[in-house]
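Protein chains in written order, with the working numbering: chain A, 145 to 244; chain B, 2 to 500.
Honestly, the hints are just simulated from the structure, not real lab data.
This list has only true hints and no planted wrong ones.
Chain A is nowhere near these chain B residues, computed Cβ spacing over 12 Å in every case: (1) 98; (2) 112; (3) 377; (4) 411; (5) 414.
Covered, in the sense of this in silico footprint (three residues per stretch, anywhere, with C-beta under 8 Å from a C-beta of chain A), are these stretches of chain B: (6) 145-155; (7) 173-180.
Where is the CB? At the ideal position from N, CA and C, for every residue including glycine.
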Amino acid sequence: MTPIVFPVTAALLFAIGLYGVLTRARLIQRLLAVNLMASAIFLFLIVTSTGGPHGPDPVPQAMVLTGIVVALSTMAYALVLIRHLRVLTRAETLESIVDD
Amino acid sequence: MTEAIDGLTAGSLTALILGPLILALVAVALPRRRLIDSAVMLLALLLLALLLPLSRAVLTHGPLVMDLGGHDAPIAIPLYVDSLALGMLWLLTLLALAIHPYASAWLQRSDHPHADDYPALWLVLWTGLNSLVLSGDLFNLYVMLEVTTLGAVSLVMLGQSAGAVSAAARYLFFALVGSVLFLLGTALVYADIGLLYMPMIAVHADASPAIVVALLAITAGVAMKAALFPLHAWLPIAHASAPTPASAVLSAAVATAGVYLLLRLWLGPFAGTWTITTAQGIGVIGAAGILYGSAQALRQQRIKVIVAYSTVAQLGYLLLLVPLAQSPLAWQGAVYHAVTHGLAKAGIFLAAGNLILAIGNDRLENLSGADQFAAKNLLVIGIAGAAVAGLPPTGGFIAKWWLLSAALGQGQWWWVAVIAVGSLLAAAYVFRILQYAMRQPENRAEIDPRVRDQSLPYALLWPPALLAALALGLGFSGELLAPFLQVTDLSPALGGTGR
Numbered sequence: 145m146t147p148i149v150f151p152v153t154a155a156l157l158f159a160i161g162l163y164g165v166l167t168r169a170r171l172i173q174r175l176l177a178v179n180l181m182a183s184a185i186f187l188f189l190i191v192t193s194t195g196g197p198h199g200p201d202p203v204p205q206a207m208v209l210t211g212i213v214v215a216l217s218t219m220a221y222a223l224v225l226i227r228h229l230r231v232l233t234r235a236e237t238l239e240s241i242v243d244d
Numbered sequence: 002m003t004e005a006i007d008g009l010t011a012g013s014l015t016a017l018i019l020g021p022l023i024l025a026l027v028a029v030a031l032p033r034r035r036l037i038d039s040a041v042m043l044l045a046l047l048l049l050a051l052l053l054p055l056s057r058a059v060l061t062h063g064p065l066v067m068d069l070g071g072h073d074a075p076i077a078i079p080l081y082v083d084s085l086a087l088g089m090l091w092l093l094t095l096l097a098l099a100i101h102p103y104a105s106a107w108l109q110r111s112d113h114p115h116a117d118d119y120p121a122l123w124l125v126l127w128t129g130l131n132s133l134v135l136s137g138d139l140f141n142l143y144v145m146l147e148v149t150t151l152g153a154v155s156l157v158m159l160g161q162s163a164g165a166v167s168a169a170a171r172y173l174f175f176a177l178v179g180s181v182l183f184l185l186g187t188a189l190v191y192a193d194i195g196l197l198y199m200p201m202i203a204v205h206a207d208a209s210p211a212i213v214v215a216l217l218a219i220t221a222g223v224a225m226k227a228a229l230f231p232l233h234a235w236l237p238i239a240h241a242s243a244p245t246p247a248s249a250v251l252s253a254a255v256a257t258a259g260v261y262l263l264l265r266l267w268l269g270p271f272a273g274t275w276t277i278t279t280a281q282g283i284g285v286i287g288a289a290g291i292l293y294g295s296a297q298a299l300r301q302q303r304i305k306v307i308v309a310y311s312t313v314a315q316l317g318y319l320l321l322l323v324p325l326a327q328s329p330l331a332w333q334g335a336v337y338h339a340v341t342h343g344l345a346k347a348g349i350f351l352a353a354g355n356l357i358l359a360i361g362n363d364r365l366e367n368l369s370g371a372d373q374f375a376a377k378n379l380l381v382i383g384i385a386g387a388a389v390a391g392l393p394p395t396g397g398f399i400a401k402w403w404l405l406s407a408a409l410g411q412g413q414w415w416w417v418a419v420i421a422v423g424s425l426l427a428a429a430y431v432f433r434i435l436q437y438a439m440r441q442p443e444n445r446a447e448i449d450p451r452v453r454d455q456s457l458p459y460a461l462l463w464p465p466a467l468l469a470a471l472a473l474g475l476g477f478s479g480e481l482l483a484p485f486l487q488v489t490d491l492s493p494a495l496g497g498t499g500r
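Work out the full structure, taking the sequences as your base and the hints as a guide.
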């Protein structure tokens with residue numbers, strides 16, 4: 145397997161995520177799509193960390209570790225928000241809710 | 002590159018970030034409202050006192066860079082203070098001082114069931130905003146953007162109604178996609194030049210395809226968070242359905258910080274990446290935002306929606322700094338505009354909050370007779386509105402004057418037309434509110450006598466008055482403050498490319 149496979153996979157995953165976030169109306173699916181985009185970037189960062197003259201570069205790995213924590217927190221927050229919205233309005237999308 | 006940082010400066014920078022953070026943890030662990038409220042006020046006063054020597058240090062030494070944790074330049078996370086950052090810090094601290102006591106009193110008076118949760122949320126948001134302003138590390142900015150987002154979305158959720166929660170969800174999704182795009186840009190920059198340290202990126206970033214894509218991704222990401230036209234769709238809904246003190250924070254601080262970040266990135270690390278044509282393009286986006294936001298504001302029937310669209314418009318002025326960046330006057334004007342607009346906009350929202358307490362909602366047609374029962378609040382809206390519109394003698398006038406002079410000085414007359422038309426429209430939508438307020442009421446019995454100006458607690462009256470007074474006072478201190486706003490040497494701010 146050549147190294148090009150990883151960045152191409154990352155780009156594809158990012159594209160799938162972007163497509164999902166733009167086309168899906170259900171909030172859960174949108175959230176998963178956003179998460180897929182973030183994971184694609186993490187994969188890309190890990191790929192860039194390999195192959196330095198002094199072994200793997202630790203900086204992207206530290207970024208991914210931090211990024212996973214951030215993504216986990218925002219994901220949990222978004223899930224609670226979506227659930228709260230559903231309890232209030234029985235809605236799974238934003239389009240069906242009118243202000244006031 | 003690194004100036005010798007003395008103990009006071011290091012302490013001030015640390016206090017700006019750790020102060021609100023520690024207090025936020027205390028507020029969660031120990032939810033005693035009165036205690037926390039006094040502590041927030043004390044902290045804001047302390048930080049204001051610390052900003053004085055910090056401003057003097059920046060004035061004498063130029064931009065300060067402080068590398069954290071004893072690491073060396075490319076690995077360390079730097080804190081970076083220049084006149085632009087200083088303006089934001091003053092704005093944020095003054096807003097903290099004025100909005101917090103008001104918010105506490107307002108939520109309590111409107112019997113909000115979660116009034117006790119507000120201080121912790123605001124303190125987390127304040128931590129995020131201060132770090133966003135100070136941080137000079139791309140990845141660190143991403144983390145701080147997320148902290149800011151979680152704080153800001155939570156404030157919208159305090160609105161509680163189904164409309165508010167759905168507005169919060171819309172805001173959250175815009176912000177989530179925005180931060181993923183920001184992260185993409187960060188990853189591309191690191192993959193291309195192996196740097197996250199912003200003061201050094203400028204030297205290495207050129208117009209290579211990876212960096213250009215990175216700049217585009219970062220710009221789109223931040224624009225989604227800052228609600229720049231045409232990615233502003235969430236802002237009017239969120240700002241109108243959040244509790245009024247939260248709207249003040251969102252409009253005056255969060256949105257401004259987003260645009261600040263964009264300017265910081267375009268004119269700092271990425272200054273060598275774009276061309277004059279791209280700069281004009283950013284200016285056109287700003288101009289479109291000014292015209293669209295103002296036109297929408299004129300058509301609305303609710304005060305908070307008017308003020309929210311006005312924010313979309315006023316943020317556009319800040320983007321005009323990108324095409325005008327060669328002129329020091331434009332820098333002065335942009336900083337002055339950010340500060341004046343933030344203070345004035347918060348003042349309008351707080352005064353509108355008092356009107357909402359009085360009449361129960363913020364519809365224009367219900368305002369009739371407000372000149373009699375809420376004269377003080379209308380005065381605040383009038384003065385702060387004049388500052389937003391840029392009428393003399395307010396600070397808004399000075400800011401727009403400097404921007405106009407910069408545009409004329411560089412022969413870019415088309416921005417002059419945009420600035421002038423934007424001001425005219427702003428004056429129109431502000432005076433439209435006053436016009437409705439001065440109509441004779443048809444049915445006076447509807448107004449609850451308890452909520453007349455005289456019966457409002459002191460904590461609801463002085464914050465909007467203070468904010469309007471500051472916005473007005475800035476109109477008389479332009480010459481006094483100009484040295485602090487001066488970019489002593491444009492080349493480091495523009496990445497040393499001599500652009």
